[in-house]
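Protein chains: 2
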Amino acid sequence: MLWPSIVSDRDRIGFIGLGIMGRPMATRLVRAGFPVVVHNHSPEAAEALAAEGAETASSSREVAERSDVVVTMLPDSPDVETVVLGEDGVIAGVREGMLVVDMSTIAPATARTVHAALTEHGVEAVDAPVSGGEPAAVDGQLSIMAGGSEAAIERAEPIFAELGKATTHIGAPGAGQVAKAANQIVVALTIQAVAEALTLTSKAGVDPGRVREALLGGFAQSKILEAHGERMLEGRFDPGFRIELHRKDLAIALQSAREDGVALPATAQVAELLNALIAQGSGGLDHSALFTLYAQLSASGEETPD
Amino acid sequence: MLWPSIVSDRDRIGFIGLGIMGRPMATRLVRAGFPVVVHNHSPEAAEALAAEGAETASSSREVAERSDVVVTMLPDSPDVETVVLGEDGVIAGVREGMLVVDMSTIAPATARTVHAALTEHGVEAVDAPVSGGEPAAVDGQLSIMAGGSEAAIERAEPIFAELGKATTHIGAPGAGQVAKAANQIVVALTIQAVAEALTLTSKAGVDPGRVREALLGGFAQSKILEAHGERMLEGRFDPGFRIELHRKDLAIALQSAREDGVALPATAQVAELLNALIAQGSGGLDHSALFTLYAQLSASGEETPD
Chain A
1 MLWPSIVSDR
11 DRIGFIGLGI
21 MGRPMATRLV
31 RAGFPVVVHN
41 HSPEAAEALA
51 AEGAETASSS
61 REVAERSDVV
71 VTMLPDSPDV
81 ETVVLGEDGV
91 IAGVREGMLV
101 VDMSTIAPAT
111 ARTVHAALTE
121 HGVEAVDAPV
131 SGGEPAAVDG
141 QLSIMAGGSE
151 AAIERAEPIF
161 AELGKATTHI
171 GAPGAGQVAK
181 AANQIVVALT
191 IQAVAEALTL
201 TSKAGVDPGR
211 VREALLGGFA
221 QSKILEAHGE
231 RMLEGRFDPG
241 FRIELHRKDL
251 AIALQSARED
261 GVALPATAQV
271 AELLNALIAQ
281 GSGGLDHSAL
291 FTLYAQLSAS
301 GEETPD
Chain B
1001 MLWPSIVSDR
1011 DRIGFIGLGI
1021 MGRPMATRLV
1031 RAGFPVVVHN
1041 HSPEAAEALA
1051 AEGAETASSS
1061 REVAERSDVV
1071 VTMLPDSPDV
1081 ETVVLGEDGV
1091 IAGVREGMLV
1101 VDMSTIAPAT
1111 ARTVHAALTE
1121 HGVEAVDAPV
1131 SGGEPAAVDG
1141 QLSIMAGGSE
1151 AAIERAEPIF
1161 AELGKATTHI
1171 GAPGAGQVAK
1181 AANQIVVALT
1191 IQAVAEALTL
1201 TSKAGVDPGR
1211 VREALLGGFA
1221 QSKILEAHGE
1231 RMLEGRFDPG
1241 FRIELHRKDL
1251 AIALQSARED
1261 GVALPATAQV
1271 AELLNALIAQ
1281 GSGGLDHSAL
1291 FTLYAQLSAS
1301 GEETPD
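Taken in sequence, the protein lines are chains A and B. Residue 206 in our numbering is what sits at position 206 of the first sequence, and the numbering runs on without skipping anything. To convert, take the position in the second sequence, counting from 1, and add 1000; that gives our numbering.
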């Protein structure tokens, strides 16, 4: 093992949730030399991490008992509630002074609930959802949006530095999740903007590639027009970020909006269009496949009758 | 006058429409040394151009008679139809071999009608709408989206070089207007995306400035999030680009969509929200003031009853 003296000074990391995102993230931490103990609901991924040098634990409680900082990367709010707050969960194994970093994308309200429950045990909690998807998880290039106390986020910094290219401290517990919800709103609606614009262009008999190029030079410029616009032109809808996950994230945004007294008509509308794609069996495609729905909403010929 | 031998070789330019955009554009052409003859429905702006060294004409027909290339910069499709195709219009004064460059934002169908009518007189037409607004017009930094023949656009190039930072040849006549419609769709919907995201953020008690900062580093990045997001945070809604003009441009996009057999639900929805702002008397504000409508759609307190 490299630098044993440094490693021995480091917090022992518990990592729970070894899915598409969690597995490459945990792998990076092991390879960086952190002592890591993992747990996953299906054991195959845990065994793969063990082959990298991680220890394994048989429950979330045991992960907490054997580590100083617990990182969770789970699909949705109920999973985090179960894994952290449930029977045999993290909370059953924590000691005062520990830190729990949830990097899942979940409801801000759930993040605040988790924070409050752990605080009662003298444990700090940070919500730190990410953007960038699987490639960024593999390369340690995630964008991290963190909510929690200054001290807690500072303590998590060596972990964030290994996983991400930038961490923004958004605010108090739950603020990271609010930022992530805002991010998912902007991404979904910008994809829809590009889909409507390129559909109009194509149906008018104009080259959408040239239009995309022209628009990238002005106020219509966005990363979405660049990357997802290209996907639309090429008809390349392998994920990327799956429609069904984006639909879940918009549900979080809409639920938060309702709780906070905000109407989000455009977000609600694009969520319904994602529902339609899921109903068609396209939930596993990249979210840029929203473009395919617009082809269905357009005339097959050149013109429609008046 | 500088370089008289070069100037005398140049096309004489007729310029019709000296509004917020047209006046600084015509001024640039005069100052660059082009021989320019102008006409405007109200004479004050024409006199200001005369003070810069332009000649004035009393009708659009006369502008055409006294120039080789006619540039028009007018508010809407009916204005272009009247000025170019109407009685005493450009078409009444053209000679074979002339060029007409319409830089207004109008319906693609009108652009094609104008092109067809001028072609019958042996006159080429280019539709070349711009983006960038008044500051870019003043600085010669417009983005120009051109539709027309290769030869016609090449002939207009010295004019475009003086007015814009980049010209994209989109395609056949009308294609420039289709690109502009696509641009206005993307800009409107991206403003709405940012407005919904920042409203949710604020109402959740989270600092929208930090969220904007975090989002600029990832897939949610756009020029709109940068510039219009900042306007929303500062509550600075002086135009910029006026809501009533953007509403007009979306009407063009929706009409084109209907003619071409395309459904654009998101564009239709944001157009209705701009209608609401116009009804409130806010049509003269910058389009980023869409954000103010969301404050009205949100609870004034922290939470709403379930």
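Since the hints were derived computationally from the structure, they do not count as laboratory data. Every residue, glycine too, gets a C-beta built ideally from N, C-alpha and C. Incorrect hints may appear among the rest.
Unchecked claim - Heads up, incomplete: computed chain A residues facing chain B, CB under 10 Å, no partners named:
#1 Ala51
#2 Thr82
#3 Leu85
#4 Gly86
#5 Ala151
#6 Ala181
#7 Thr201
#8 Ser202
#9 Thr267
#10 Leu273
#11 Tyr294
Stated by the list, open to error - DEER-style ranges, computed between Cβ atoms:
#12 A/Gln280 - B/Arg1010: 38 to 44 Å
#13 B/Pro1078 - A/Glu213: 40 to 46 Å
#14 A/His41 - B/Lys1165: 38 to 44 Å
#15 A/Pro78 - B/Pro1265: 18 to 24 Å
#16 A/Ala227 - B/Lys1165: 22 to 28 Å
#17 A/Gln280 - B/Arg1012: 42 to 48 Å
#18 A/Pro135 - B/Pro1158: 41 to 47 Å
(request) Hints the structure violates: just list their numbers, smallest first. (result) Result: hints 1, 2, 3, 4, 5, 12, 13, 14, 15 and 17 break, sorted rising.
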